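Those sequence lines, one after another, are chains A and B.
Residue numbers for the first sequence follow the numbering used here, so the first one is 1 and each next one is one higher.
Residue numbers for the second sequence follow the numbering used here, so the first one is 1 and each next one is one higher.
Just so you know, the hints here were simulated from the structure itself, not pulled from any lab data.
Note that this is a predicted model, so its numbers are computed, not measured.
You may find that some hints are simply not true.
Claimed, not checked - A few chain B positions that, by computed beta-carbon distances, are all more than 10 Å from chain A:
#, residue
1, Phe119
2, Trp137
3, Gly143
4, Thr154
5, Ile167
6, Asn293
7, Ile308
Claimed, not checked - Computed footprint of chain A on chain B; a stretch qualifies when at least three of its residues, placed anywhere within it, have a C-beta under 8 Å from a C-beta of chain A:
#, stretch
8, 6 to 16
9, 187 to 194
10, 199 to 210
11, 256 to 267
12, 275 to 282
13, 286 to 292
14, 371 to 380
Claimed, not checked - Chain B stretches covered by chain A per the calculated footprint, using a threshold of three residues with CB under 8 Å from any CB of chain A:
#, stretch
15, 28 to 35
16, 100 to 111
17, 295 to 305
Just so you know, even glycine gets a beta-carbon here, dropped at the ideal spot from N, CA and C.
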Amino acid sequence: MWTRKASFTFAGGISLILIGMMISNHQMMILGLSFVAFIVANSWISGHGDVEVQRTLSADNLYKGDDLYVELLVTNRSSRRTQTLEVYDNVPHEMKLRSGLNQMKMNLGPGESARIRYVLRCPLRGHFSIGPVSLRYRNTFNLSVEEMFVDHHSDMIVFPQLRDVEEAFIRSRTPKMYTGATTLRTPGPGTEFYSLREYVPGDPFKNINWKAFARTGDLMINEKCRDAVTDLYIILDSRDIARIGTVLKNPLEMGTVAAASLANFFLQRRDSVSLIIYDEKLSYLPPDTGDKQHFKILSSLAGVAPKGAMPLQAVTNSLAARFSRGSPIFIISSCEGDGTVPAAIRDLVGRGHEVTVLSPSSIDFERLVSRIPRMSYEVLKIERQNRMTSLAGFGSQVIDWMPDMDLSQALLQVRGY
Amino acid sequence: MAGEVSPQEEGNRTLHLRTLRKQWQIITLQVIATVALVWMYMEIVSTYVVGSIDHTILFRMLEAEIGSKLPVGDWLTGLDQEGVASYYVPIGVGLTIGGGMSLLAFQPPKRQQKIKLGFVIGLILILAGRFVMSYIWQLWDEGWTIPDDSALGTLEWPLLMILSMVILMFYLLPVIMGTRGIWGLSRKGVAWCIGFVLLFLAIHAILSFPVVKAQLGGYGDKLATLDVLVGAPTVGFLGMNLVTEQQFSLIMIACLIMIFQESAFGVIRQLEYAFRLPESCKRDPEYVKQVDNVLNGHLRHTVIFLTITTLSTMVALGFHSVLLEFVEGVTGSQWAAQVSESIELTLTYGLVISALLFLGLMAVLRFFVPWQRLWGLIETSLNRS
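So here's chain B without its partners, still in its complex pose (with noise of 0.2 Å):
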């Protein structure tokens, strides 16, 4: 139908991404993402490694074997702390390197390199420079020789802190890579900070296997294991009880991992299509009208989405305990007690079963709550009033 086409419009805000990194929903976005990515490691930090493998572990066993004091302070590398608080300033010094590598990935590709110069200069300098210097001064005083012990000491320092470093480096590669993500709209980043922890759990629940322990002999005796699925459950919500503390820890480490990967994601995603569209769209108020809708649904989904996730695990974890109350109700309580016996001592299958069973049935309860229709029915009147 041929009729008045006005040309696209331009309005005040545009969807450039100098423009769009600074809205809110994107930065609530990023928010959400750093939180779940400093949580998550919190809580696997504090269920797998403090007190079994953490870096402070390590430190002390370095500092006894070469009988002084690492050169980095104490306060930096947390050995100073005790427990979870010895991971609070280190997962800063991740935060601010991710944070800091996510900056320099958004400056000109000339300063870039002139920054990354200026580092390996700077790490060759720590490095090898009193080395040099102290050794050219001996090449002064006494002709050509290999350098002395004096000359060599100069290379300690340097080497157990660049070695500091690294351990520090490698135990907070998943905060580092995962502040890249975000911020620096990566999803390399995103991708290996997930891979990585999911490295560390596959790694662990291998070595924490039976079998595989029992070989390790006394070191398997400091891997921290997790036999605690039978127990009074303590957590819940609603005033009903669903699971214990440390399956409460579980279920937020993996739906963490799930809100960190999905914020994060989603982040790079929208910024992708609005870098995407052509220059006229970017600056015509329908698009950006509709940026905005899709950005709010988004931050919407993420946090109605995860947290029914992190509910329906924990429902499912406890569902057992429901099926053995209908037992009980319908054919008394020694029918019960076997079904709680096959449930509970068998620990894992009849708990797996009724999880299974619950899940299964909210798939179908899809099909009877028209949800979507009730909630655009009040979405409706919101707008007329």
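Same shape as in the complex, but just chain A (with noise of 0.2 Å):
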């Protein structure tokens, strides 16, 4: 495409043609014979976006807030040059580029490549992609443009940061009731070595052990000691109301670094842990141990966006039935704008579970983003407190947790219930 350098030479030369001729000047006609011939012998030449484009990444998980590493290798593998390319990896807006750049303007030759490298900043959590990669042929003269795309993508995943809260757990109130898997002397599933017994129809093939079948001739299985765990819920609040505050400082961002930060100390001590997320729909995920459930739970965690509004009434009925008799469940929500949520608790604690709700005072929250008189921000709190205080009146351990508040330090407030 021509640029409007092109688009005014060309009409330059015609018009002092044009006039020239009028006038009998010829100057004027040779100047502008001599524009139209130099967009001419510039038509000759055309770059091109035949180039190979590969992209690698540090990491294709990494935590919110952490670096990652990039490199662009682009190679042409044409029989012809480049001409001047300006090459711009597009990177998710959210991202802050640290070092280095993500655009380079090169001319490569046929079989060349060039590599750009560039480190970025994740400081939002979330499902990204990298790509596609953008190309733009710009003549030596600045006569012609032409935009092309190779369509090169490459995902990747931000998750929560993680948060020690060992140490807060130790203090709690109730300080044997999450104590981890204990390994039970008898065979069942597990990771510590029971004994050896013969192959059974049905018995998953990884369990078998090879040595002994190559001694003995016959297949064995490796039975393991049974672990006994405790079955553990999360439940967040995904709601659009989760979204108040700072794009960085809101009720679900902190909620989402609470979950993970419990569901890694939970599965790091081989309990089994189950993550709820409620917004406009319900999502579920069993609980389960191991590091695969911990990636399903930060994965999870990591798309979590602001939307709908369900109660936590209808989340508790509806998975009343699967919540295992007398585990301990987590309740993150800011308990804003829901009026099941007492009647909720009180029926969870009814069924004999331990119920905790980490709160993240919304109203706190709020104050960041807008100026709220002190009459109406004392009153609102006064009725937050109030709603605290009859959750916890049910019987649940209810945290209040101010926004600048680190996790361990709200969990610690366990006690103060």
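Now that you have both chains on their own, put them together as the hints suggest.
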């Protein structure tokens, strides 16, 4: 496509020729002809975006606030020069360029390569994709421009940050409640070796002891000691109201950090953790243990976005049958705009669950973005305090989580109720 | 895809302006631009100005009016030379002033301020220093009186000198602004230079238009006109004579304007790009290599495409003779004579149409000649060997 300069040069050339003919001025005619000849000569050259692009990331999954190293290798596989090519790697706008640059002006000969290296800071959790790669050929004299792109994407997940919560729980009111996996001296699902036994049809192949098979000629199975684990349920409020505050500091962001940290803590103790997210619909991740579950939980939390207004009681009613008897439940919610919270908690406590409500203070988050008159703030704060006290009155442990408070610090408050 | 990603490397060469300004490609482009500027100026002067409206005529008129020599030396104004030679020293002065202005632009602001202040003070001292001293002496002797003739006479020399310099600078404005633009990396400087040249050509075209020229009377007779399209071509290449000397001179003016413009703007554009890169990229050998590639490409294209432009304009202007030969070959000489008349006697229309026809053919030819691919294959085989 012609640039404005090319259009002006061509139009100017034609105009000069015409004016020159009109007033019989040969300099004008020749100047005009030269301009047209310049455009024509330059039309003989054109760049191309027939390049091979390969992007390497330092990690596919990383935690919020981490740095991501990116390398983009651009290779000209064609048999002609690319000419002046501006290469721009499209990065999500949520990410910040920390060092280097995601663009380069290059002129690659046949078979030549160039590497663009840069570092991105990922300040927000989520599922992101780097790419496509935009290419712009620009004529040396800026007479023509052609926009192209290479549809090459690199997907990545930015998990919520993990905070250390162990210390807080050791000091909690019920220190023996979450002891983690306890090994029992009976065969069953677990991690520690118990004994060898003969293979029975239906046994998973991964449990076959191949060395024993080679030695004895019979298929033998590794039996493990049964681990007694606690099923733990984390319920995260992701309703639209959870977006109150700034992009980086809002109840949902703090909630995801808390959920990820708690899940990490319990999974490390080999407990079984389930994650329930409710917004406009309910998403339920059944309880499980291990790294795979950890990854599933972090992936789910990375993709959480505030939307909808599902009441908590609808969640607890629909999942009540799935909750293991007496299992601890963590509810991470600001408890705002939902009148069913007390009833839902009362029901859960009534069914014998150990309920802990971790409630980011939405009024204080709102103060970060808008000015609330002191009197109104005081009234709203008292209302919230009453709500928290009433929840505690139903037998749950309630934590009022302020924006400037660290998670472990907040969890220490559990003794106060 | 996750993998091992090494951080940006640091090489010996960097893309800092201090280094880049000394790089041979940049210097070459700047030299090309300067040569084009001087050559273009000389072509314009020799075609339109010398013997018609040149500065020596004006200086001689001034000297005749005041009845004495101007305070500026003849060697400086070129009054001691004839023809184009009278511009050699003034162009040197213009280049020096333009270069000085560029040098000044790269000084720290405080030093710039000091130099400018010194210049203004010096100018005031030259202009009024002697006058003030002699007037104060007169006041001391005679009390409160108006300045007498001897005091006022001290103003004559500085005023005439400044007037001479102003006239000289006016003539040299394109050279000064152009040099300032090229070496001082000023887009404005380059634009002003091209603007002056085009403005001059436009004013000259209007003034030399027969109707306007007739109104100018005796003054108009001195204007150089270019009624020389018809004539035996003497300039060409590959053994073909395509254009007349004067046509070639006009083509050179047009092409040199473009060479000057593209080289000067090219340098500024590439240095701007390098300047805007973050510090880590300026040290990265990959960026350094690609800037080299881009600059080499720019240099290659400047030489190749502007030469092609010049040659194709020449061929385009001589294309009517090719057509004539073709018509003569196909239809016989009687037809050719008629076509020749229609092309040459009408002077412009046939010539321009045949020139545009050639350029049209040239534009279409790109679809049939895969020269970029051919050149790429040559480049690949050269790299392999």
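Mind listing which of the numbered hints don't hold for this structure, in increasing order?
-> 6, 7, 9, 15, 16
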